[in-house]
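Colleague: The chain contents come next:
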Amino acid sequence: MRQLIARRLLQTIPLLFFVSIACFALVKMAPGDPVLSFVTPNMHAEDIERIRHNLGLDKPAYVQYWLWLKELFQGNLGYSLVNHQPVMDQILDRLPATAGLMGSAILLAVLLAIPLGLTAGANRDRWPDKLVNLFSYIGISVPLFWLAILLIYLFAIHLHWLPSMGMRSIGVNSAMDVLKHGILPCVVLAFGFLSVYVRYIRSSTIGQLKEEYVQIQYAFGSTKKTIVFRHVMKHVLLPVITLLGMSMADLVAGAIVTETVFSWPGIGSLGMTAVKGMDYPVIMGITLFSALFLILGNLLADILYGLADPRIKGAR
Amino acid sequence: MTDRLLTVDNLQVSFHTRDGENKAVRGVSFHIDKGETIGIVGESGSGKSVTAKAIMALIPPPGEIIGGDIRFDGESIRKLSEKQWRSIRGNRIAMVFQDPMTSLNPVKKIGDQMTEIIRRHRHLGQAEALKEAIEMLRQVGIPEPERRVRQYPHEFSGGMRQRVMIAMALSCQPELLIADEPTTALDVTIQAQILDLLQELKAKTSASIALITHDLGVVAQVCSRVIVMYGGMIMEEGTVEDIFYRPKHPYTQGLLRSLPERKAGSRERLVPIEGTPPDLLDPPPGCPFQERCPHAMPKCAQLPPHFKVGEGHRSMCWLNDDEAKGGAGNGGQ
Amino acid sequence: MNRTKWLNVGRELLARKMGIVSVAILAIFVLGAIFAFLSPYDPNALNVLERLQSPNASHWFGTDDYGRDYFTRALYGGRVSLLVGFSAMILATTIGVLVGVVSGYFGGWIDNLLMRLLEIILSIPSFLVMLLLSVFLKPGLGSIVLIIGLLMWMNMARIIRAETLSIREREFVLYAKASGQNNWGIIVRHVLPSLVPVIIVGATNNVASAIMMESSLSFLGFGVQAPNATWGSMLNSAQGFIAQAPYMAIFPGGFILLTVLSFNILGDILRVGFEPKLNKR
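Protein chains in written order, with the UniProt record's numbering: chain A, 1 to 316; chain B, 1 to 333; chain C, 1 to 281.
Treat the hints as calculated values from the structure; they're not laboratory data.
Take these hints with a grain of salt, some might be off.
Said to hold, decoys possible - Using 27 Å as the maximum straight-line C-alpha spacing, the simulated DSSO-like pairs for lysine-lysine come out as follows:
| id | chain 1 | residue 1 | chain 2 | residue 2 |
| --- | --- | --- | --- | --- |
| 1 | A | 224 | B | 108 |
| 2 | A | 234 | A | 210 |
| 3 | A | 225 | A | 210 |
| 4 | B | 23 | B | 299 |
| 5 | A | 225 | B | 79 |
| 6 | A | 276 | A | 28 |
| 7 | C | 138 | A | 276 |
| 8 | A | 225 | B | 202 |
| 9 | A | 28 | C | 17 |
| 10 | A | 224 | B | 109 |
| 11 | C | 17 | A | 130 |
Treat the numbers as computed from the prediction; the structure is a model and nothing was measured.
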């Protein structure tokens, strides 16, 4: 097990290196001259060249990458071209909002998916299964932004139950208020994942129920309910850890869309603003940040899986 | 008859498949007395495992018990509700299965799997149940049971897992233990150990044992009475001595000839029974064994009754009918 | 691919009500997209007098904020959405199959290299990259197809690679090798035909994801540019009028849902149809 973790960690290092090159290259490929954002009308050509030199933009690409990487290790992701604020600060500023949204959405999705998936799988082809199946088909096919618009129309505009945008009401600073603002974005973001998890749990429940050890449980006087919740559940939940790791990329995409629709002040909406304003340092910072999130998320999922599965844990 | 534990009366089980009705068990009657060990022997497809599952009402769909009665301790258990059944299964009737590698939940500790059953049927607390589980593991010869209860199935060898299964089955002191090919998946030395264990437990507990196997050699070691099944019917029933030394049915005789000779120095060749078991989707009328029987005769197209050929010894073959035998003799002259 | 397999798929499709419904829905959308020009309205003609009319007899889906006939725009929008979806699927499937087959068939360092590359690409959230690229590239249908297609082939490549690995060991491939056929000949004659079911199932799911991607990009304002409409960009403008004209949101969104849903259901049915053992109860 320890070796497994060590090996996974070692695999991650070159991956991080290449990903950083890719992020750097992606933004370097961008059209336009970043120096221009510092230029004011009464600057001389020498001034512009000086800025270019100060920013290191006159050096070859690999030197620029090296300098960027060095800064990166000191926690410096550069400065926004629009408001000239440090990119790192902006991201960290927005992090709690995004982390809260993602965390609660995943939690909601997993907590709902487990009973739904198990029930559907245990009642294969009967009405609970058909209902859950229909629901999850719609879940994987519905555009999240459309769902968001519909929910806003229903709960914010029509019923006036919940706010439609932002994270706080102006002048109000209470947890309750944030919670109320968070309900709709959280539900929307959770919806897509919920369906993926439900489908997965359902089909692996069906598979497990065919296993010999399940049949044998009946011979010891177990009910289907005990079998499903005591024996099958643990089996089915283990792979969900891996599934969580794999859904990180979709989580990022979902967060960008959801935060934009609901004007949720997180990293996703920061990214959207940056992309629209061609604010390259911010884009680069966010891309790198989310890549890191993806890689570490997968790494963590692998390690957790290894710790949770006795068959892997025991192996040396 | 106070010592009858289980009576199976004209049991019929069918599987409704896409191709038609597969008559897996076609009118099987036998009984098991208290404290006795019987062997149910037959090739695969003879209906022996289906019979065992029927006793526990564990026939999976599309299978169904379509006729007959099963009485356990004097009461019919065929029409019990699922709830009543749950208090019998694992408690009064327990079962050990063929493949110990797949019969335990791989992600739960042995101790947890055992205490779950002990707590369910004996209404003990967790601590007491665990103590009981450890004691059971010790009884089936698992060393260091205190440590082993905290381990997962993959940390046990096949033979050890089968011991765990036996411990699990015996943990609620069942009156009847059904062992369905308990040694088939194990290698020969482990097989012998498990059989020794069964014999030892038989001496210690009062449980009756029904040992289901395709291996007459296994039966000889453990059982006192034997039922030979073929094509969903009982071909012959008798004591171990009857079956081994005075087999009356040609099928039993064939099985005995196919048995590897265990005596040292013997180089006798095995004589397998020619042919394949009958198709139970559309079984031929008459004796199911007629197509493979060396003594087949026209009368075999009619289903023979069970002929009593000795005390507690019956055989379903026209050869055992004095009249039929006489007729065959006349024809030969 | 033998004939019984196709028969199986056909039977599976007909046996499921959902399958028939999905095919019907898709057929209606495709026909609507093709024959959109039959509509008496110009999808881009402004008519301020008829602004924001609710659905009525002359404007079945009402009109939008510029007074354009919403039904006609939805038809033309469907044309773009379906076109982008299919084109991006073809691009993604081509790349995915190529990478997967090469990786799985040749193995060794090529496989290693391609799989590492795949890993790197999968580590950067593709949606973010799509947004970025759509800013860099000249807006237009071609760019969108390119962006979506270039970032959607990875799953296909993985599936095809795994499948190729197992096909590579089958007798007919080994025999072809032993009889001296060259590698590309074997790939074209033996490996690719065996991959057809997997490719079809994957492609069906890819159309669904491509349409979803295009809608998301267009909704966020990157994608197809005004005045041309796609279902996603129609939703973008609908967002601002949600209180006065909720129907503006319901129609295009509902169409995206129905289209993607149909492709997803179809994909699942095809998968079961191609692998009858999955169907066993």
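Colleague: Now tell me if each hint is right for this structure.
Modeller: Hints, one by one, checked against the model:
{"no.": "1", "hint": "224/A <-> 108/B", "result": "holds, 17 Å"}
{"no.": "2", "hint": "234/A <-> 210/A", "result": "holds, 15 Å"}
{"no.": "3", "hint": "225/A <-> 210/A", "result": "holds, 15 Å"}
{"no.": "4", "hint": "23/B <-> 299/B", "result": "holds, 23 Å"}
{"no.": "5", "hint": "225/A <-> 79/B", "result": "holds, 22 Å"}
{"no.": "6", "hint": "276/A <-> 28/A", "result": "holds, 17 Å"}
{"no.": "7", "hint": "138/C <-> 276/A", "result": "holds, 14 Å"}
{"no.": "8", "hint": "225/A <-> 202/B", "result": "violated, 34 Å"}
{"no.": "9", "hint": "28/A <-> 17/C", "result": "violated, 52 Å"}
{"no.": "10", "hint": "224/A <-> 109/B", "result": "holds, 20 Å"}
{"no.": "11", "hint": "17/C <-> 130/A", "result": "holds, 13 Å"}
Violated hints for the displayed structure, listed by number in ascending order: 8 and 9.
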